[in-house]
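Protein chains in written order, with my numbering: chain B, 1 to 549; chain G, 1 to 192.
It is possible that part of the hints are untrue.
[Stated by the list, open to error] In silico PhoX-like links for lysine-lysine, alpha-carbon gap of 20 Å or less: (1) Lys-115/B / Lys-356/B; (2) Lys-144/B / Lys-166/B; (3) Lys-47/B / Lys-82/B; (4) Lys-106/G / Lys-134/G; (5) Lys-55/B / Lys-92/G; (6) Lys-134/G / Lys-383/B; (7) Lys-427/B / Lys-82/B; (8) Lys-467/B / Lys-383/B; (9) Lys-67/B / Lys-92/G.
Since the hints were derived computationally from the structure, they do not count as laboratory data.
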Amino acid sequence: MKQYRPSEEVDFLIIGAGAAGSIMAEELSSAGFSVVVLEQGPYLREKDFQHDEIKYTRLSAMTNNLKRQPHTYRKSDAETAKVPGQKVVQYGRQVGGGSVHFTANYWRLWESDFKQRSKWGGVAGTSLADWPITYAELEPYYTKAEEELGISGLAGANPFEAWRSKPYPLPPLPVKSSGVIFERATKKLGLHPFPAPMAILSQPYRGRGACAHCGFCEYFGCEVRAKSSTLATVIPLAERTGRCEIRPDSYTRKIEVGANGRVTGAVYFDAQRREVFQRAKAVVVCANGSETPRLLLMSKSSRFPQGLSNVNGLVGKHLMFDAGFGAFGVFEHPLNEFKSVQTTRVIHDFYEPDPKRGFHGGGGIDARFDFYPASFALSGLPKDAPRWGSEWKSMVARNFTRTLTLLAHATCLPQERNTISLDPEVKDAWGLPATRVTFDFHADDVRTMKFLLDRQVEILQAAGALKFWPDPADESLLPHNHLLGTCRMGDDSKTSVVDRYHRAHDVPNLFLVDGSSLVTACCQPTCTIQALAYRAADHIASEARKASI
Amino acid sequence: MPDRQMSRRLWLGASSALLTTHWAEVLDAQEHAHEAMRSVKPVSLSTLNAEEAKEIEAIASQIIPSDGSPGAREAGVIYFIDRALATFDQDKRALYTRGLDETQSKRAELFPGSKSIAALRADEQIRLLHDIEKTEFFEQVRTHCILGFFGNPSYGGNRDQVGWKLIGFEDRFQFEPPFGYYDGPGKPEREP
Numbered sequence: 001m002k003q004y005r006p007s008e009e010v011d012f013l014i015i016g017a018g019a020a021g022s023i024m025a026e027e028l029s030s031a032g033f034s035v036v037v038l039e040q041g042p043y044l045r046e047k048d049f050q051h052d053e054i055k056y057t058r059l060s061a062m063t064n065n066l067k068r069q070p071h072t073y074r075k076s077d078a079e080t081a082k083v084p085g086q087k088v089v090q091y092g093r094q095v096g097g098g099s100v101h102f103t104a105n106y107w108r109l110w111e112s113d114f115k116q117r118s119k120w121g122g123v124a125g126t127s128l129a130d131w132p133i134t135y136a137e138l139e140p141y142y143t144k145a146e147e148e149l150g151i152s153g154l155a156g157a158n159p160f161e162a163w164r165s166k167p168y169p170l171p172p173l174p175v176k177s178s179g180v181i182f183e184r185a186t187k188k189l190g191l192h193p194f195p196a197p198m199a200i201l202s203q204p205y206r207g208r209g210a211c212a213h214c215g216f217c218e219y220f221g222c223e224v225r226a227k228s229s230t231l232a233t234v235i236p237l238a239e240r241t242g243r244c245e246i247r248p249d250s251y252t253r254k255i256e257v258g259a260n261g262r263v264t265g266a267v268y269f270d271a272q273r274r275e276v277f278q279r280a281k282a283v284v285v286c287a288n289g290s291e292t293p294r295l296l297l298m299s300k301s302s303r304f305p306q307g308l309s310n311v312n313g314l315v316g317k318h319l320m321f322d323a324g325f326g327a328f329g330v331f332e333h334p335l336n337e338f339k340s341v342q343t344t345r346v347i348h349d350f351y352e353p354d355p356k357r358g359f360h361g362g363g364g365i366d367a368r369f370d371f372y373p374a375s376f377a378l379s380g381l382p383k384d385a386p387r388w389g390s391e392w393k394s395m396v397a398r399n400f401t402r403t404l405t406l407l408a409h410a411t412c413l414p415q416e417r418n419t420i421s422l423d424p425e426v427k428d429a430w431g432l433p434a435t436r437v438t439f440d441f442h443a444d445d446v447r448t449m450k451f452l453l454d455r456q457v458e459i460l461q462a463a464g465a466l467k468f469w470p471d472p473a474d475e476s477l478l479p480h481n482h483l484l485g486t487c488r489m490g491d492d493s494k495t496s497v498v499d500r501y502h503r504a505h506d507v508p509n510l511f512l513v514d515g516s517s518l519v520t521a522c523c524q525p526t527c528t529i530q531a532l533a534y535r536a537a538d539h540i541a542s543e544a545r546k547a548s549i
Numbered sequence: 001m002p003d004r005q006m007s008r009r010l011w012l013g014a015s016s017a018l019l020t021t022h023w024a025e026v027l028d029a030q031e032h033a034h035e036a037m038r039s040v041k042p043v044s045l046s047t048l049n050a051e052e053a054k055e056i057e058a059i060a061s062q063i064i065p066s067d068g069s070p071g072a073r074e075a076g077v078i079y080f081i082d083r084a085l086a087t088f089d090q091d092k093r094a095l096y097t098r099g100l101d102e103t104q105s106k107r108a109e110l111f112p113g114s115k116s117i118a119a120l121r122a123d124e125q126i127r128l129l130h131d132i133e134k135t136e137f138f139e140q141v142r143t144h145c146i147l148g149f150f151g152n153p154s155y156g157g158n159r160d161q162v163g164w165k166l167i168g169f170e171d172r173f174q175f176e177p178p179f180g181y182y183d184g185p186g187k188p189e190r191e192p
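Using the sequences provided together with the hints, build the complete structure.
Here it is as structure tokens:
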């Protein structure tokens, strides 16, 4: 692999080697530019991955660790934020980022997602806005992402799907028992189930083998490279250009700004916690919807006293998560949901907001199994079941192979009050300010989730589940995965942080490309984040060639 | 595990023309690590003393009883707990000490003259646990029991995969459809 000296001024310094950063690295280095990628986490390989539930789901082996990198949480400005018992912010923390451990759901947005404000009007208490770009502008890059990375799915199977210029490059993965049950039940209800689009290979593709159905996708790295993570796909291509250096265990603490208001590089802690300054002509931050605003807020200077590119004070605002509850059903015969990919069937019938419902929001529902043996024994039984002893044990023994989950992925409205900021007290193990999360769902978000939960229960009923029960709706209202919207894109520099090509409004050679750019959030964001990255890379490369960065 | 070897060979044979060598190498390495992991069986305690271990094991064996199939005792859950308290859950050590003290007081109150939790009859142990089941200590022991019983054997519990066998989970690197009853062939007449 190519190595650069920190004193060398590289063309692009990319911060974060995740779902978006790896694509930026591959595209920009392939276009002929010199690239260094700083990644907080280690460079793990397939041989390092294990089937070890405790290691990955309890000990944060591939995600941020709350002990070393604490964050604090509060519902509103009125409260003092505290370190929560479980993570509110979770992100992949190794080369490949969250794309290594994600479930691999790969949904495009709908055309109307980009124009929600014009189509449905404003929603009180929110900053609901149109995107500065349309679906049509992003469509070629959705297609590119699906082709470059390897996505399995069936074009046209979802009657609500936006138009597409090409079918999926790979057919859908084999249906599981949960998918068969879900498909029959939803059809009975007049709904439209379709094969889940997944970033997992159903057949060999570009030198990688097909999925072996081991069942360890969600929270785990794929040992056979069938999951189309950026680690398995674009990272090797980036390294092969001979112009890209992936620098793991490199934790960025500050982006530096010169007297002319342009960024000059970044200071990071290396594996030995020495501070290193890497020089660059331009910086692309792809650190995720939580770490990107945090880094900008930590990068204070005399020119940007509120944090880098934060003249309008919007950096970190409009935080959005993946919203949605689960509902669970037990069936007569074994489903063996522990085998193969988590999800094989989805519906989008309730995806679009509908004013008749009396609130703004919608979402998709998938059939899946969200458990591994220990997590199932901890919390997979009906809420009225015993929690220990002989009867509990025999129920766990019977239900593990007979249970499925219906999970909703719902609208989360953008609110200015929901933020990522720097905690004034708590520091991480490197002495940097901890992330402070201020977040509460909008009333319409909660109504959307409850609306979908009722639909999930109807489906389980129609499916003939022997027993079914919903998540206790009000108790499980903690935000969790998918960190979105905190440096939103827009044409107006007063109401957004980056422009339609992800260039920071305030700094000409700074780009922010990750979940933080999203203007609205519904459902599964990875596909959109990666399409945006391909689009941004195209534009940034052509600007760099014209010397207009 | 001859069945796994067989199915793996079949799988490799079926698609070898399209396979990268990488896949096979990774699979071999994984299976090797996997087999090595199965043989880990700690037999000594590092954090808990023998008396504490006996008392906690008595609690564990009512949470996951040995009632016709192996329970916490046979799975070696106590070794998992001991190792967890020595490593990733060091900060739970104080909770164990305090919780065990409080449970002993409760035992003495419920069963005057009794000497230890381990020495109680099974029905008395169950009565005692019902009394403390809302405490943070019980919740922690329950969590540890479940992790030790159903987690990876490399952590000292789930010996001989008794937890996985109980629920029908198989830790394999490859399965083939049909995966379950409802996605199998010839079942369309059987509405779920």
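Let me make sure I understand: some of the numbered hints might not hold for this structure. Which ones are they, in numerical order? Structure breaks hint 3 only.
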